Amino acid sequence: KIAKGLSFQGDNNVKINKQLGDTLGITGGATGALSDNNIGVVAKDGNLNVKLAKDLTGLNSVTAGSVRVGKHSDNKNYVTGLDNKEWNVQNPT
29 KIAKGLSFQG
39 DNNVKINKQL
49 GDTLGITGGA
59 TGALSDNNIG
69 VVAKDGNLNV
79 KLAKDLTGLN
89 SVTAGSVRVG
99 KHSDNKNYVT
109 GLDNKEWNVQ
119 NPT
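Note that the numbering used here gives residue 114 to position 86 of the sequence shown, counting from 1, and the numbers run on in steps of one.
These are computed hints drawn from the structure, not numbers from a lab. In this text the structure is predicted, and so the values were computed from the model without any measurement. Hints may contain errors.
Unchecked claim - No farther apart than 25 angstroms at their CA atoms in a straight line, the calculated lysine-lysine pairs in the DSS-like style are these:
| no. | residue 1 | residue 2 |
| --- | --- | --- |
| 1 | 43 | 72 |
| 2 | 82 | 43 |
| 3 | 72 | 82 |
From just these sequences and the hints, can you work out the full model?
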């Protein structure tokens with residue numbers, strides 16, 4: 029069975045076969061600073077499942093659509109991209 033190599037498969041059901049001595053690249057697309065302890069790998073039913081923490085920590089900012097949460101250069105907290113400039117709960121649009 030060594031001649032068959034080792035096959036890997038992701039969520040898109042595409043199999044990748046690697047022979048002994050081949051390299052399997054695993055990339056996430058990050059180009060900047062990374063955080064620790066936000067991604068876990070859990071073994072279940074013969075698979076390794078990569079999971080994102082429900083509560084992310086150690087982040088400098090978060091962007092969701094046009095909304096960005098983080099810190100200004102003056103080290104104060106901020107939120108940008110919201111339409112509700114009055115911060116009025118009765119008028120959240």
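#### Entry: Unmet hints by their number, sorted upward, for this structure
2
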